[in-house]
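Produce the complete structure using the sequences and hints provided.
So the sequences go chain by chain: A and B. When you line the first sequence up against the working numbering, it's residues 539 to 729, in that order. When you line the second sequence up against the working numbering, it's residues 21 to 595, in that order.
Hints listed in this document are in silico derivations from the structure and should not be mistaken for laboratory results. Computed from a predicted model, the values in this text were never measured in an experiment. It is possible that part of the hints are untrue.
[Stated by the list, open to error] From the derived model, a few chain B residues whose C-beta atoms are all more than 12 Å from chain A: (1) Glu-77; (2) Asp-171; (3) His-220; (4) Thr-227; (5) Val-484; (6) Ala-519; (7) Pro-530; (8) Val-551.
[Said to hold, decoys possible] Each pair of labels, with its calculated beta carbon distance range: (9) A/Glu-707 - B/Asp-201: 45 to 51 Å; (10) A/Gln-649 - B/Asp-546: 22 to 28 Å; (11) A/Lys-627 - B/Gln-508: 55 to 61 Å; (12) A/Gly-594 - B/Thr-107: 45 to 51 Å.
Each residue gets a CB set at the ideal place from its N, CA and C atoms; glycine is no exception.
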Amino acid sequence: METRSIMIVGVGGQGSLLASRLLGNVLLAKGFDVKVSEVHGMSQRGGSVVTYVKYGDEVCSPVIEKGEADVIISFELLESARWLPYLKKGGKLITSTQQLDPMPVITGAAQYPEDIAAKIKDMGVEVTAVDALGLAEQAGNAKASNVVLMGVVSAQTEFEEELWQNAIEQCVPPKFLELNKKAFELGRAAR
Amino acid sequence: MKKLMLGNEAFARGLYEAGVTIVSSYPGTPSTEITEYAAKYEDIYAEWAPNEKVAAETAIGASIAGARSFCGMKHVGLNVAADPLFTFSYSGVNGGMVIAVADDPGMHSSQNEQDSRHYAIAAKVPMLEPSDSSEVRDYVKAAYDISEEFDTPVIVRMCTRVAHSQSAVELFDREEHPLKDYVKCPQKYVMMPAYARPRHVVVEERTAKLITYAETSPLNRIIENNTDIGIITSGICFQYAREAMGDKASYLKLGMVNPFPVELIKDFCAKHKTVYVIEELDDIIETHCKKLGLDVIGKELFGFIGEFSQAVVAEKLLGVKNEVMTFPENVPVRPPVMCAGCPHRGLFYCLSKNKITVSGDIGCYTLGASAPLNAMDTTICMGASVSALHGFNKARGEEAEKKTVAVIGDSTFMHSGITGLVNIAYNATNSTVIILDNSITGMTGHQQNPTTGKNLKGDPAAAVNLEELCHAVGIKRVVVVDPYDLAQTEAAIKEELAAPEPSVIISRRPCALLKYVKHEAPLKVDEGKCVGCKMCLKLGCPAISVRNGKCVIDHTQCVGCGICTEVCKPKAIIK
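Structure, rendered in structure tokens:
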């Protein structure tokens, strides 16, 4: 099987590391060769962050380049726009509708573009936009929007729900398990 | 059993499986997790040292004592640890010793992109370079065997994309390597001239033996696909090349990047019409090939700067580029920022407001250099804030002393700020040093340090008393402020700058991300009172933005630190 590429993008602190670990564990359980490339350090401090997940028979490079991603999972609308060049033609975008102003917008040096999801759809990209933050708050904590989004992803991929549940149990501390399972269910049911 | 592991986690697994018992490191992205994961193994003693030199010397002592030992650091950390490395290369080991050095091509989290391979060449020690997590574990074990067989410390070079990528690793049992006997041997371990001269001869003989080893070592391997294109590469670049070129090229993958084989490379070049060298940063492999008189193509095509990828290789070697979609409007950049509730913000706001010249340092607080605070003038290396302030003040005199400060974090101050402060006291400049004591090593992800009262395992430990330390080196004026209290902080800065002698201000409040820090409820804006003056935006808090001319506070980010209430004149920010 040819290598498939999924990017998880967002803002430092939104929990992209947990999301990529869940996905990585599901893919490993499916028997794929998997590489997950993360960002630590400086960029985690509220900056734009990206995680690469690649799987197939044999994965070489852990990074994804422009025009290579089959799917982009975005935690924030502006980040969807920023990383769009990495999406392959015919690729899918799954995005949270959350908006976080970056510092140049806060200081008034730049404008936050309007209707980002609609504009990307107009470019012919298949877009799923979900209020992941709202659903996470419904589940009990705004921080669980990462797992809500993975619920959305699970509904759009062919991997068994059980594998996702196992991955959540492996990666989430017991204290937060129930919250995250609820967040996952809400995401999975979202359309 | 196979497990997805970060390269750094696999490194720790390699340490465990190789029977290592002593680990001493200083955190630095992208190397930090090696030591954190190593600390999870009960059979390994692991610690955070105050800096890389101390860490390396601790590992050296453990090696001489007969243990398999390790120290880990980022590329610039090896600058700090270079002194012991160069001489321990002469001594050689008793128990095997391995150093991890993690390079950061592309500078994801670093102040430069120096190439650590130069150190292996200069210190005449072997260096291995793995290209994924499974290889990391294997190479770490091989490194210990090489260390003991050839009587030398060995460096394993990581880079961001290997250190911070997860891939599958099969787990094996730990090999036990009981403590070797320690036998007094000054000719080997006392490196004074009379003993060091014969050891240099040993080092040159060792290098010759290592070159012979490199010719046939399984660490260096050839993947033969065709005779038109040959690629000599190592580490992560092997993965980029293989993804871009597949079976359109043959590969000589060098797992050992110092010393290089000679015949193996000559044979490979002879068998292929065109040979490319693909290596990030400097032209180390290429220079070796050219010294052998081989016709290879490298930096003229790829250059010396930044990270490569499969796309870079495909573009340079095949001339192909992916089709790219672009969002039709300007997408504002999103640089990293100080977190909401960050205790550094209040201090930098006061420095910015008073237009103070700031000699900066390495840590989260380097973000004080960014808009809108713009409160940093220099950042060079760990500890330079303090020593460079002294030099700046010596050069410019009283005029500078009255409006220039150094800022340095608690961990960085322990690392190499203390000696600079000693110099300020000893050689007398009227300098003002601000220690940003947030009770943790922040930027690398919350590591304990000698001021926090806890060790790497989280157990209670002796804590350096910063006030007493500053007094002890000869600084009489030491004041402590709470950076959430802007009035107090600003007054202290003004007073200490005006004082006729050197002083230290300790700006003390724990990092807002620490688990034990209790947050207040998020604040709100009373829209009726907000006049849209945007004073609160000067704080550069990511939780505050403007909608329809009025400020709004994002309740998911705000931790209720309250410094915005101190700058809001109409008192529109409320609980």
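- Beyond 12 Å from each Cβ of chain A, as asserted for B/Glu-77: Nearest chain A Cβ is 26 Å from B/Glu-77, so the label holds.
**Message:** If I take the minimum Cβ distance from B/Pro-530 to any residue of chain A, is it greater than 12 Å?
**Reply:** It holds; B/Pro-530 is separated from chain A by about 17 Å at its closest Cβ, greater than 12 Å.
Exercise. Has the hinted range 22 to 28 Å been met by the Cβ atoms of A/Gln-649 and B/Asp-546?
Worked result: holds, 26 Å
Are all C-beta atoms of chain A more than 12 Å from that of B/Asp-171?
holds, 35 Å
Assessment of proposed distance window 45 to 51 Å (beta carbons of A/Gly-594, B/Thr-107) = holds, 47 Å
Do A/Glu-707 and B/Asp-201 keep their Cβ atoms within the hinted range of 45 to 51 Å?
holds, 48 Å
Taking the Cβ atom of A/Lys-627 and the Cβ atom of B/Gln-508, is their distance within the range 55 to 61 Å?
With Cβ atoms ~58 Å apart, the hint holds.
Find the nearest Cβ of chain A to the Cβ of B/Val-551 and say whether that gap is larger than 12 Å.
Correct as stated: the minimum Cβ-Cβ distance to chain A is 16 Å, above 12 Å.
Distance rule for B/Thr-227, whose beta carbon must clear each one in chain A by more than 12 Å:
holds, 32 Å
query: Hey, does B/Val-484 actually stay past 12 Å from chain A on C-beta?
result: holds, 25 Å
Practice prompt. Run the C-beta distances from B/His-220 to all of chain A and say if the shortest one exceeds 12 Å.
Written response: At roughly 39 Å from the nearest Cβ of chain A, B/His-220 sits farther out than 12 Å, so the non-interface label holds.
Against chain A, does B/Ala-519 keep a CB gap of more than 12 Å to every residue?
-> holds, 34 Å
The structure meets every hint from the earlier list without exception.
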